[in-house]
Amino acid sequence: MSVEVAIPEGYVKIFSKPRALSDAKYTYCPGCHHGIITRLVAEAIDELGILERTVGIAPVGCAVFLDRFFNCDFVQAAHGRACAVATGIKRARPDLVVFTYQGDGDLAAIGTAETIHAANRGENITVIFVNNGIYGMTGGEMAPTTLPGQRTTTTPLGREPRLHGFPLKISEMLAQLDGPAYITRQAVFDYKHIVRAKQAILKAFRNQLEGKGFSLVEILSTCPTNWRMSPADAGRWVAEEVVKTYPLGDLKDVG
Amino acid sequence: MSRVLMRGNEAIAEAAIRSGLKCYFCYPITPQGELVEYMAKELPKRGGVFLQAESEVAAINMVYGAAAAGVRTMTSSSSPGISLKQEGISYIAMARLPCVIVNMMRGGPGLGNIAPAQGDYFQATKGGGHGDYHLIVLAPSTVPEAAELVRLAFELSDKYRVPAMILADGMIGQMMEPVELPEPVDPKDIPERPWAVTGAKGRPRNVISSFDLEPEGLREMNLVLQDTYREIERSEVRWEEVETEDAEILLVAYGTMGRIAKTVVRLAREEGLKTGLLRPITLWPFPYEPIRKLAERVKTVLTVELSAGQMWEDVRLAVEGRAETPFYGELGGVVPSPKRILEEVRKYVG
Amino acid sequence: MPKGIVVVDKERCKGCGLCIEACPFGVLGFSSEYNSSGYQVVYMEHPDKCTGCAICANVCPDVALEVYRQEPAKEAA
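Top to bottom, those sequences are chains H, W and R. Every position in the first sequence, counted from 1, becomes a number in the working numbering once 890 is added. Every position in the second sequence, counted from 1, becomes a number in the working numbering once 64 is added. Every position in the third sequence, counted from 1, becomes a number in the working numbering once 9 is added.
Calculated directly from the structure, the hints in this document are not laboratory data. Keep in mind that a hint or two might mislead.
Partial chain W-side listing against chain H, Cβ under 7 Å, derived [as the list claims (entries may be wrong)]:
| # | residue |
| --- | --- |
| 1 | A122 |
| 2 | N125 |
| 3 | N270 |
| 4 | S273 |
Think about it this way: if two alpha-carbon atoms lie no more than 20 Å apart in a straight line, the pair counts; the simulated DMTMM-like pairs of lysine to aspartate or glutamate are [as the list claims (entries may be wrong)]:
| # | chain 1 | residue 1 | chain 2 | residue 2 |
| --- | --- | --- | --- | --- |
| 5 | W | K338 | W | E312 |
| 6 | R | K12 | H | E899 |
| 7 | W | K190 | W | E353 |
| 8 | H | K1082 | H | D1123 |
| 9 | H | K903 | H | D936 |
| 10 | H | K1134 | H | E1062 |
| 11 | R | K58 | H | E899 |
| 12 | W | K357 | W | D310 |
| 13 | H | K915 | R | E42 |
| 14 | H | K1093 | H | D936 |
| 15 | H | K915 | R | E20 |
| 16 | H | K903 | R | E80 |
| 17 | W | K265 | H | D985 |
| 18 | H | K1082 | R | E30 |
| 19 | H | K1093 | H | E933 |
| 20 | W | K265 | H | E933 |
| 21 | H | K915 | W | D276 |
| 22 | W | K265 | H | E937 |
| 23 | W | K338 | W | E360 |
| 24 | W | K265 | H | D913 |
In this text, a Cβ means the ideal position worked out from N, Cα and C, and glycines have one as well.
All chains, please: the whole structure from these sequences, using the hints.
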């Protein structure tokens, strides 16, 4: 913490930055849910005591600086290739805990093939899939996950499915495969959902430790900047609108 | 040393396994199918990982991951597949990860055909993907040399943290010749990789990246690369000379054409034509200096390639007007006979 | 004494206001202070109302909040 505050006697610290996170400030925009999701991953690493054997794979997109935020080994992957890179690391050193952290442009557009085939092989890795329905870093372009009617910089009149396709439901697609162990969709727009998302992330890492295979946690996120909403309105938009297209809950769980 | 009759593709695979290959990732393509199949059969038995990826793009990124994790790793393909790998190779080059890439060239552009060709010379030696980088490019002209160069590729790649490529074609890949396979490498002789991502236990964390948003930082990363390339250019140029002492005409040819050019030299000498050959073994770093020295003594430097004249550009850069520099090439997978090339030689000497 | 104390890392705070919105007791508000990045940072506007539930810290996207809670009085074992 950059401020020293005298805490009176008789108080205990019940919440602070996880050990797995570095002191580097996030580069996410104000109010972006990425920050919560990044922290939840760090908390899961702390709770499982795996920091010293974890390797993260950073994507291309808003989480491109992810390696700076963590205290573990990291690899920066090409756009969409994180699951292939993770496969290479995990196959070379199965004792490592390997996770990818990817946005919807990275995972559901340019990296669709790498994602599906890693899932289908049941690669024993953990995938954190942050879905905010837009390309944040490049300036708010349409993503495969963009909602019908949603205005983006490349769909200025709103996404018209007959012209631009329909929202791509990656988790539903992956859940059809025999390979994955665990596919779930979560959100972090309020405390209750944050707690659930945390449990899902923990489970996705635990599955890897237990050798159960491919686990993917999709988390509905916000992009207040490119949605042109306040952070609070963006959260409400997820809770009220986005979940209609992307319902929350487990899509596959082999237990 | 064990001497066995082997196909080029299989000899490359076996030499790689004996060089401590731990992880091999591939996607099927002709004419290197035997390499993939040999790996599938042998590598898992010998403690390695064989994985058939969903695409060339995925395969090279698996190589990126395995190399980042600090093991000897390799992929192989042929021309169109190598084009797909270029994105990953560019990342690997900037992230300074050692690995070996085999390109059994075929006729191009586009889908082309599966016959021997050398049209990927530019792609292999000038970077291939985006940005300022090089691969160490080794071009065998026989099966035993292919086995030998695979070992060298792993060693040089480890030494400089620069990806290395074996550049050959279906002729080398599919012919059978007696090979002396290298002895299995002692794991202790494989250089340590303190930079690898192996879990940050008892050491500061490692980050493998090709990325720096700050121009000054990215320039630094580039300068480190360029310094490494200059060192490789100073230390690792390899070539073979055949009957160059009194030559009036010098052939320059590599790989399959280097092999054919050797026969041309013999036939030409039988006719009393003073003909020599310089066969580059490293295409990058290119033997500019040896060619320049010979160009001072000969009248003609004739480049012979299975392309429209790609290496020819480097030969002309080396000669710089010291001799005439004609070119003879074939395209589309057509392989010229020694007699056909001899006709070219006769145009300039005798 | 309040049951909880929220400590704001003013340099991490980006003034997004999600904590203000999430606090069930209206403890937090925007201060008049701006940090070096130009963000208006949050502070405990009504510290007496804090129960130390840490919902604010959980919803904070920038891990800018630390939460302390009063220890329950321990009975001698």
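Against the structure, the hints come out as follows:
Checking W:A122 against chain H by beta carbon gives a least distance of about 4 Å; that is within 7 Å, so the hint holds. Below 7 Å, beta-carbon pairs count as interface contacts, and W:N125 has one with chain H at about 4 Å; its hint therefore holds. Given the 7 Å rule on beta carbons, the hint for W:N270 holds: about 5 Å separates it from the nearest Cβ of chain H. For W:S273, the interface hint holds, since its Cβ comes within 7 Å of a Cβ in chain H; the closest pair sits about 4 Å apart.
For the hint pairing W:K338 with W:E312, the CA-to-CA distance comes to about 5 Å; that is within 20 Å, so the pair holds. Only pairs whose Cα atoms come within 20 Å are accepted, and R:K12 paired with H:E899 is accepted, the gap being roughly 12 Å. With a C-alpha separation of about 18 Å, the suggested pairing of W:K190 with W:E353 holds against the 20 Å cut-off. For the given pair, H:K1082 sits about 18 Å from H:D1123 by alpha-carbon distance, which is consistent with the 20 Å threshold.
Between H:K903 and H:D936 the alpha-carbon distance is near 16 Å, which keeps this suggested pair within the 20 Å criterion. Of the supplied pair hints, the one linking H:K1134 and H:E1062 holds, its CA atoms being roughly 14 Å apart against a limit of 20 Å. Between R:K58 and H:E899 the alpha-carbon distance is near 19 Å, which keeps this suggested pair within the 20 Å criterion. This hinted pair checks out: W:K357 and W:D310 have alpha carbons roughly 13 Å apart, not beyond 20 Å.
Restraint check for H:K915 and R:E42: the C-alpha separation of about 19 Å stays at or below 20 Å, so the hint holds. A C-alpha spacing of about 14 Å is found between H:K1093 and H:D936, which places the hinted pair at or below 20 Å, so the restraint holds. Note on H:K915 and R:E20: the hinted pairing holds, with a Cα-Cα distance of about 8 Å set against a maximum of 20 Å. A threshold of 20 Å between alpha carbons decides the hint, and for H:K903 with R:E80 the separation of about 10 Å falls inside it, so the pair holds.
Between the alpha carbons of W:K265 and H:D985 the distance comes to roughly 13 Å, so the proposed pair stays at or under 20 Å and holds. Proposed proximity of H:K1082 and R:E30 is supported: the alpha carbons are some 14 Å apart, at most 20 Å. Annotation: proposed proximity of H:K1093 to H:E933 holds, straight-line Cα distance about 12 Å (limit 20 Å). Between W:K265 and H:E933, the direct Cα distance comes to roughly 18 Å. Compliance with the 20 Å bound is thereby established for this hinted pair.
Restraint check for H:K915 and W:D276: satisfied, since their Cα atoms lie roughly 17 Å apart, inside the 20 Å limit. Restraint check for W:K265 and H:E937: the C-alpha separation of about 17 Å stays at or below 20 Å, so the hint holds. Restraint check for W:K338 and W:E360: satisfied, since their Cα atoms lie roughly 15 Å apart, inside the 20 Å limit. A C-alpha spacing of about 19 Å is found between W:K265 and H:D913, which places the hinted pair at or below 20 Å, so the restraint holds.
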